[in-house]
Structure formats: C-alpha cells, structure tokens
Amino acid sequence: MAEIDTNQSGDTRRDFLKKSTLITALSLTPLTVLKAADNKVDEQFAELFEKIPLNLKVNNKPFSLKVEPRVTLLDLLREQLRLTGTKKGCDHGQCGACTVHVDGVRVNSCLSLAVMNEGKSITTIEGLANGDVLHPMQAAFIKHDGFQCGYCTPGQIMSAVACIREGHANSKEEIREYMSGNICRCGAYPNIIDAIQEVKEKGAAI
Amino acid sequence: MINFQYLRTTVVKTALGLVSKDPKATFIAGGTNLVDLMKRGVTAPEKLIDINHLPLKQIELKNNILHIGALVSNSALAENAIVAAKFPLLMLALQSGASAQLRNVATVGGNMMQRTRCGYFYDTTMPCNKREPGTGCGAIGGYNRMHAIFGTSASCIAVHPSDMCVGLAALDAQVVIAGTKGERKINFVDFHRLAGTTPEKDNNLQKGELIVRLEIPVNNLNKHIHYLKVRDRSSYAFALVSVAAALEIKDGSITNVRLAMGGVAHKPWRLTTAEAFLKGKTATPANFEEAAKLAMKDAKGFGENDFKLKLAPNSIIEALTIAKSKA
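Chains as they are written, first to last, in the UniProt record's numbering: chain A, 1 to 206; chain B, 1 to 327.
These are computed hints drawn from the structure, not numbers from a lab. Misleading hints may appear alongside valid ones.
To be verified - When the alpha-carbon atoms are kept at most 30 angstroms apart in a straight line, the in silico DSS-like pairs for lysine-lysine are as follows:
1) B:K57 - A:K57
2) A:K51 - B:K324
3) B:K47 - A:K57
4) B:K326 - A:K66
5) B:K47 - A:K120
6) B:K13 - A:K51
7) B:K181 - B:K24
8) B:K21 - A:K88
9) A:K51 - B:K21
10) B:K47 - B:K207
11) A:K120 - B:K39
12) B:K324 - A:K172
13) B:K62 - B:K279
14) B:K39 - A:K66
15) A:K66 - B:K62
16) B:K24 - A:K51
17) A:K66 - B:K24
18) B:K57 - A:K120
19) A:K51 - B:K39
20) A:K51 - B:K47
21) B:K310 - B:K281
22) B:K326 - B:K297
23) B:K24 - A:K120
24) A:K61 - B:K324
25) B:K13 - A:K66
As the list claims (entries may be wrong) - Anything over 12 angstroms on all C-beta distances counts as not near chain A; from chain B, calculated:
26) S20
27) P23
28) Q101
29) N220
The structure presented is a predicted model; accordingly, all values stated were derived computationally and were not measured. Backbone N, C-alpha and C fix where the C-beta goes; we use that ideal spot for every residue, glycine too.
Start from the sequences and build out the full structure, keeping to the hints where you can.
Written as structure tokens, this is what we have:
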C-alpha cells in the first residue's frame, strides 16, 4: 500500500512529544517570549490532532493518507497526490473542470470533502488511458478537435465517459443537456458533441 | 475554508445527538451547497457530522405512498422507475435542476436545505438579513433581477432556488423529520417559510432535527403534466421563473389540478387560488389566462425583476397549455 507522508516537516511522534514538553516549558516564560517561539509549535500541535486518516483508491492505486477535514478531493488530488490532470476552474461547482469519477459516478471534486471519500475508488483523467493507448474518448476529442486551450478538457472527457455510461448520449440534444455541467470558454461544444456521438455510436464498452 | 472537526456515524440517533447538543455543529450530506458556502465564508460550522452513511437511501412504494429516503441522490430519484411512471412531474423538475455531476451527489434532504443564491447572501461584504440579521437587505433597491415577487417582506426578497421542491409542493408531499424526541410529519408546503422578519430561517426545521424521508401519495397526475423552467441559458441555470403544472382532465373538464412556481418566492409557491378557479372548468386558453391572472393578484416587482410580473403569468399559461397537450 502506498504511504504518503502528509506531514511536510517530516516530524515523527517523538518530535511532537519533545515539542509538547517545550510548550509546557514555554508556558512558564514571559508572554512575549512565548509568542515569538510558539507559533510554529502550535501549528504542529494542531496538525497532529486535526488530520484525519483517509484510505481510498485513486486510479486503482490504494493510498493511506492523512488530511485536514477542509481539504477538498480536488486539492487532495492536485496538491498531495500531484495528479494535476484534474483542473481547478471556478472551485465552486459551476464549471465542471474538476470532474472525476467516484465509484464510477461523475462528481465535481471541488465540492467534495476528501474525508468524505473514505473507502471510495476515484478515477481521474490520468486513469483513463491504458498505458500509451488513449481511451476512445480521448482519441475522439483529438480527432474532432474537441478543445482549444484544453483547460476544461479533462473534466469534459471524464463527464463525457460518464454521460455515455449513464445512457444519456442518445442524441445531440440529450448530450447537450447532460454535458451542461461542463463549461468550455473556447466554445468547442459542437466538436465535443461530435466526439461523444462518435464514441457512443461505435458502441465499444468504455 | 476555516477548518472544522469532522465526524461520521451510521446511526441516526447518534447524528441527532451530536448536532442537537452542539450549537456550532451541522449535518453534511452531499455538501454541494454547504461546502461552497463554507469556502465563501457565508457559514463556518465548527463541527460537521457526515450523515452519508445513515440508512436513508431507500425508494419504496408502500400502501400507495412513495417513501423517499432523505439521502437518495437527485439523480437516483430522477432515474427511478416508479418516479418516472407515477410522478413524472417530479422527474422533470429534478432533471431541470443543477448539472449531472451535482445531481449525482446532491441529496433529496440537501436539496430542500439548500440556501438561496441571492448575490447579497453570498457576498460577505454586503448587507444581508438572512446571513447576518439586522444588517439590512442589499437586494431591495439593489440588483434584484433574480428575486421574489410573491410573499416578500421588508427584510428579504430572496428566492428558494430548488426545482425539485416546486414539484414536491405541487404533489402534496409530506416531510418526515426526526429529532431526539422522535419523528414528526409536516406538509411539504409548510416546510419552507416566508422571510417575514426572520429571513435567517429558511424552513421550520428545529436545531438538531433531521429530514429522514419524504412521502408522496400516489395520484392520477401522471399524464397532463409539465415542468416549465425559464432561465438565462437553456440548461444549468437557476430559474427566473418555473412552473410545475399537472392536470387531470375528464371529458374536457379539469377534475384535478396542481400548480406551483419556483424562482418567485422565499419558498416553493403553490398557486391555490388558481387551482381552485380551474377545478371543474374546461381546459381552455381563456380559463388558463384567467387562472394566471388570479395567481398574480398579490405579485410585486422590485425594479429589475419587474419583468417577472409578465413572465410569470405567461409561464403559467404556457405550462398549462403544454400539460394539456400531452397525451
């Protein structure tokens, strides 16, 4: 199982205990000295108690992590796991750039607290291709020019795959409606719809 | 986002105990609205109780009443075969709300609990009686294009943003609420409140209470139904005005009718006067127009949203006309 040490300073429990002894010592010193010295120690103290264990799979790889409750799934993926394929657009659930699959279901990872994904299996854009072989949806986006700047593309592709799996890609109209949670500022919509329709019509399991 | 404590439980009683005892604790289900509000600093709970693992995800038909667990996702409800067959109005309302991604996560209970999308409520530098009682209402005399025309007060003209709730108001749903002392049941139309002098209260849920399920009695309103949503873009936008319309027509005359509107009030707005007028009448354009006129009787614009005074009756007529035409 992959272990990721989220404690950036690399402190061990023993270090912490040493520091808590330090806090006790400092509490007996004048306030000004204490103020200057203990800010950092305080942070360490808080960190140890506020981080929550989180076990989840990302692109089929198991992770055992520790995260603050306020960390979103999006920030966990990008900042801690360095999976930067998933994009932060609006960070408020309005643009769809952060779309990933959680247990096969498409969600906005920016509005999901990471700790609420305990035991879940996450698929990001990095998990779609089979080695060097592109996923059919990725290939179709390239073929149909389904993007210009590319920033919304990972979210579009994750959403598009789910759209077909959900059975909501039966016409251009239906695709438009069920892809409306993914905004493309470059306006590549017609080509995105063509790409989705082609993958759907080829009928391959995706 | 300000950090908070996070706890989860699989037991309803435990969840109720945790929130009822702690004034700074709140439930989190899908979190699609709450996390956004926390990011913007509109709300800052010190403790979140994750209720996603409570056993409240069933959809069952029992004695001609549909029971919907509060944790059923909006998409699961919209895709449910019983809902499609017996409550197509609810299905249409659900499908017109939010995006596919949000509907996958947002729950039925959470949809009811979502806060208004009034810009003044979201902007913590602005006055808002709902966010911070006593600071005033920025929308009155301000940007109020999206705001209410019915049941407004001098302290708040925000609207409830849900589509699902408009459908449920029309369908005579009931809400089952659990508290530490047991369960109680209230009519869906009495769940949400008008702003009055306490706009900080969106609904009649007491601190520590939890919505556990909805109950909808089966009806014959599954044919002549329509949910019309008028908005700035054709999908994934909040309603300027929406109308849930359901008719039962026998030999040309209306034997049963339900009408409710969204985007026009602090709560889903049931049009009881218009319903009473239409019952027993023939389903004609003239009667639809008269019903719309009656529905608009106490409507009031606030400047930028004056267009709703025309859009709303037109939408009522349109929704009824489409509902009637459905075979």
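Hint by hint, here is what the structure shows:
1. B:K57 - A:K57: This hinted pair holds, its Cα atoms lying about 24 angstroms apart.
2. A:K51 - B:K324: Violated, at roughly 57 angstroms.
3. B:K47 - A:K57: Judged against 30 angstroms, a Cα distance of about 26 angstroms means the pair holds.
4. B:K326 - A:K66: Given pair K326 of chain B, K66 of chain A is violated - Cα atoms ~55 angstroms apart, limit 30 angstroms.
5. B:K47 - A:K120: The hint holds at about 23 angstroms.
6. B:K13 - A:K51: 26 angstroms, holds
7. B:K181 - B:K24: 20 angstroms, holds
8. B:K21 - A:K88: With a Cα-Cα distance of about 37 angstroms, the restraint between K21 of chain B and K88 of chain A is violated, given a limit of 30 angstroms.
9. A:K51 - B:K21: 24 angstroms, holds
10. B:K47 - B:K207: 14 angstroms, holds
11. A:K120 - B:K39: 23 angstroms, holds
12. B:K324 - A:K172: 27 angstroms, holds
13. B:K62 - B:K279: Judged against 30 angstroms, a Cα distance of about 29 angstroms means the pair holds.
14. B:K39 - A:K66: Status holds; Cα separation ~21 angstroms.
15. A:K66 - B:K62: This hinted pair is violated, its Cα atoms lying about 44 angstroms apart.
16. B:K24 - A:K51: 20 angstroms, holds
17. A:K66 - B:K24: 24 angstroms, holds
18. B:K57 - A:K120: Given that 30 angstroms is the threshold and the Cα spacing comes to 18 angstroms, the pair holds.
19. A:K51 - B:K39: 19 angstroms, holds
20. A:K51 - B:K47: With a Cα-Cα distance of about 14 angstroms, the restraint between K51 of chain A and K47 of chain B holds, given a limit of 30 angstroms.
21. B:K310 - B:K281: 24 angstroms, holds
22. B:K326 - B:K297: Since the Cα atoms of K326 of chain B and K297 of chain B sit roughly 28 angstroms apart, the hinted pair holds (cutoff 30 angstroms).
23. B:K24 - A:K120: 28 angstroms, holds
24. A:K61 - B:K324: 54 angstroms, violated
25. B:K13 - A:K66: 28 angstroms, holds
26. S20: 21 angstroms, holds
27. P23: 19 angstroms, holds
28. Q101: 5 angstroms, violated
29. N220: Fine: 28 angstroms to the nearest Cβ keeps N220 of chain B off the interface.
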